[in-house]
Amino acid sequence: MTEPTIYQHLLDQGLSRREFLKLCGVLAGAMGLRCAAPVLASGLPAHLVNDNASAAEAVAQALESKPRLPVIWLEFQDCAGCSEALTRSQSPTLVDLVLNKISIEYHETLSAAAGFQIEENKQAIMKKYAGKYALVIEGAIPVADDGIYCTIGGRSSLDLLKEAAAGAAAIIATGNCATFGGLPKANPNPTGAKGVWEIITDKPVVNIPGCPAIPEVFTGVLAHFLVFGALPELDHLNRPKTFYAETIHDRCLRRPFYEAGKFANTFDDEGARQGWCLYKLGCKGPTTYNSCATIKWQAGLSFPVQSGHPCLGCSEPNFWDGGGFYQGQSAPVIRPALAGVGVAAIAGVVLGAGVAAANRAQKPRDAEKPVAAQQNSAAKE
Amino acid sequence: MDWNAILEFARGTFFQVALLVFVAGMVYRLARILLLGWKPNRVTAKGSRLGGVGMSFLKGAIIWPFIPWVKNTASRNPVIYIAGGIFHFGLFTVILLGTAHMLVWKSLLGFGWPTLPLPIVDWLSAIAIAAMIGLFINRLINPVLKLISGPAEWLNLLIVFLPMVTGYIMTHHLFFRYEVLFSLHMLAVDVLLIWIPLSRISHFMFYFFSKAIHGAEFGKRAVTP
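Protein chains in written order, with the working numbering: chain A, 68 to 448; chain B, 2 to 226.
Hints are computed from structural coordinates only; laboratory data are not their basis.
Predicted, not measured: the structure shown is a model, and the values here were computed from it.
Each hint should be verified, as a subset may be incorrect.
[As the list claims (entries may be wrong)] Ranges between beta-carbon positions, derived for each pair: (1) D3(B) <-> Q184(A): 24 to 30 Å; (2) R178(B) <-> R84(A): 26 to 32 Å; (3) R178(B) <-> T218(A): 37 to 43 Å; (4) A428(A) <-> G113(B): 26 to 32 Å; (5) A211(A) <-> R178(B): 32 to 38 Å; (6) D302(A) <-> W65(B): 38 to 44 Å; (7) L156(B) <-> I219(A): 55 to 61 Å.
[As the list claims (entries may be wrong)] Derived pair list, reagent style PhoX-like, types lysine-lysine, alpha-carbon separation capped at 20 Å: (8) K133(A) <-> K229(A); (9) K133(A) <-> K89(A); (10) K40(B) <-> K212(B); (11) K329(A) <-> K47(B); (12) K329(A) <-> K308(A); (13) K47(B) <-> K430(A).
[Unchecked claim] Some residues of chain B that are not near chain A, with every Cβ distance over 10 Å (derived): (14) P66; (15) I87; (16) L117; (17) P120; (18) I121; (19) A127; (20) L148; (21) M206.
Even glycine gets a Cβ: it sits at the ideal position worked out from N, Cα and C.
Sequences and hints are given; from them, build the entire structure.
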């Protein structure tokens with residue numbers, strides 16, 4: 068028996084043809100094929116919708132002909148924040164359809180079943196869809212002491228990851244923890260936390276960093292895999308280029324104030340009230356690659372910089388250890404301790420005095436020489 | 002290549018090390034010079050040495066350099082006078098009154114100050130870079146400068162030039178990703194910090210000592226500059 072296609076699934080759910088086409092448009096947008104999901108979802112002018120026709124058609128064809136994409140979602144050293152963000156994403160239809168109705172098979176937080184039942188189900192799914200399912204990882208993986216710092220059902224997360232990764236068609240790491248280690252990896256990293264791509268090296272891992280990851284970016288990547296059967300183009304940190312090609316700074320609505328040198332100095336001064344640049348308050352926008360400034364959050368309502376808080380750089384590796392959150396980015400990561408500077412100065416004095424003393428010991432001082440001898444030596448020179 | 006990791010190193014460990022080397026090196030140089038001692042003074046002073054120092058600073062460093070017809074350099078070597086002046090003025094304005102730079106001072110000293118708008122800082126740095134290129138060409142073609150320029154002088158130019166150029170390209174988001182240029186800028190600054198005590202760029206500190214000593218000598222002889 069052949070698997071029912073996604074379209075058939077959706078029809079079974081009571082979706083109309085019209086709603087289906089709308090969904091295809093939203094998916095095309097979420098993949099960044101033309102523009103971002105919220106823009107399309109909010110109802111575009113006709114000429115723009117036409118522009119998207121081909122992209123939406125491609126999506127429609129794929130959904131009509133392809134079977135559902137099973138997803139196994141594993142949570143390790145995480146806070147479920149990425150899942151949380153996804154469930155509150157501003158494209159509820161999209162998330163609902165892609166994750167709940169279409170595909171999600173195992174999710175510790177969202178699945179209704181629990182305990183041995185769901186673990187057995189997971190094993191069955193992994194066997195049934197071997198080589199076909201998408202594996203989503205949320206949270207870092209501790210590798211110190213054989214990974215005992217995070218266990219589920221008595222098995223270490225390292226073990227669970229390797230087992231699930233073996234049969235996965237694609238691996239998507241969501242959130243800064245699963246991608247770059249995030250908070251668990253912050254200095255001194257007692258559990259030896261690592262990102263997925265540091266452990267799984269024989270398969271492509273798509274990194275969707277962020278704290279949490281932007282839901283539209285996640286669904287966009289998943290939709291891309293669903294529609295094209297391939298992973299999107301990735302950058303050097305395995306992030307999809309569609310969403311991570313530009314910095315927050317490049318697309319920031321406060322950018323003109325940066326150029327004009329107008330900065331908020333504190334969180335409650337006139338500059339802050341006027342919406343000036345937050346660079347002085349520690350904004351990491353210039354080195355942070357993500358789509359917050361374009362896709363935004365909560366149905367395109369706002370994003371941290373817009374609402375008055377500097378970018379923390381949460382989609383970059385080691386953002387917890389990259390200097391103070393509220394310290395200007397140009398400032399050194401480590402503020403030199405006064406003691407260190409003192410020691411350096413003392414070392415300089417000791418060295419200088421030592422060399423000076425050695426030099427003096429080598430030649431008699433000018434004052435001790437007779438005047439004639441001085442004149443002689445001056446003449447010789 | 003993970004440039005964010007390089008940036009973290011350049012802003013973190015390497016900067017820390019460079020800063021400590023800079024402090025130790027400058028203190029070493031200072032100790033060496035102070036311990037050379039004064040020449041024995043066998044002449045009765047005709048004037049005030051302290052007054053001489055004051056005049057030396059007031060006229061020699063603060064007023065006269067800005068009046069071209071008083072300075073011999075202006076008429077004898079106008080390129081050095083104009084380009085050198087613009088270079089120093091631009092460099093120090095950018096280092097002290099550029100917002101990003103002020104934040105470095107703030108993190109080191111614990112207090113900050115108002116800064117200039119980016120366009121002004123930007124033009125000053127562009128002019129300073131142009132002046133530096135002018136000084137470089139001058140050193141290439143001036144027969145006397147050519148004779149007294151060794152590898153250290155050329156390195157001085159290069160090591161000061163690199164942070165300026167990388168900083169300028171970085172603020173304009175040209176050619177490379179921001180963090181690549183940020184890393185190169187910080188690496189160049191770190192190298193500069195280490196290089197300063199070993200080179201004549203240390204004149205940023207010793208200039209004031211020599212000015213003071215000249216002033217004292219002038220004052221002693223009552224021939225204030």
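Do the hints match the structure? See the list:
D3(B) and Q184(A) have their C-beta atoms about 42 Å apart, which leaves the hinted 24 to 30 Å range violated. Look at R178(B) against R84(A): about 45 Å separates their beta carbons, and that is not inside 26 to 32 Å. Here the CB-CB span from R178(B) to T218(A) is close to 40 Å, well matched to the stated 37 to 43 Å. The hint said 26 to 32 Å for the Cβ distance between A428(A) and G113(B), and at roughly 47 Å that hint is violated.
Against the hinted window of 32 to 38 Å, the Cβ-Cβ separation of A211(A) and R178(B) comes to about 33 Å, which satisfies the hint. The beta-carbon spacing between D302(A) and W65(B), approximately 56 Å, falls outside the hinted interval of 38 to 44 Å. At roughly 59 Å, the beta carbons of L156(B) and I219(A) sit within the given window of 55 to 61 Å. Distance check on the hinted pair: K133(A) and K229(A) sit about 28 Å apart at the alpha-carbon level, beyond 20 Å; violated.
Restraint check for K133(A) and K89(A): satisfied, since their Cα atoms lie roughly 18 Å apart, inside the 20 Å limit. Taking the CA atoms of K40(B) and K212(B), the gap is near 17 Å; set against the 20 Å cutoff, the hint holds. Between K329(A) and K47(B), the direct Cα distance comes to roughly 55 Å. Violation of the 20 Å bound is thereby established for this hinted pair. A hinted pair counts as satisfied when its Cα atoms are at most 20 Å apart, and K329(A) with K308(A) does not qualify at roughly 31 Å.
Only pairs whose Cα atoms come within 20 Å are accepted, and K47(B) paired with K430(A) is rejected, the gap being roughly 33 Å. Non-interface call for P66(B) relative to chain A: holds, since the shortest CB-CB distance, roughly 28 Å, exceeds 10 Å. At roughly 21 Å, the least C-beta separation between I87(B) and chain A is larger than 10 Å, which holds for a residue marked as non-interface. Chain A draws L117(B) into its interface by the beta-carbon criterion, the shortest separation being 6 Å against a cut-off of 10 Å.
The claim that P120(B) lies off the interface is violated: its Cβ sits roughly 7 Å from the closest Cβ of chain A, which falls inside the 10 Å cut-off. With 10 Å as the threshold on Cβ separation, the claim that I121(B) sits away from chain A is violated: the shortest Cβ distance comes to roughly 8 Å. Once the 10 Å rule is applied to beta carbons, A127(B) is consistent with being away from chain A; the minimum gap is 15 Å. No beta-carbon of chain A is positioned within 10 Å of the beta-carbon of L148(B); the least distance is around 21 Å.
The beta carbon of M206(B) sits about 13 Å from the closest Cβ of chain A, which is more than 10 Å, so the claim that it is off the interface holds.
Going through the hint list in order, the structure does not satisfy hints 1, 2, 4, 6, 8, 11, 12, 13, 16, 17 and 18.
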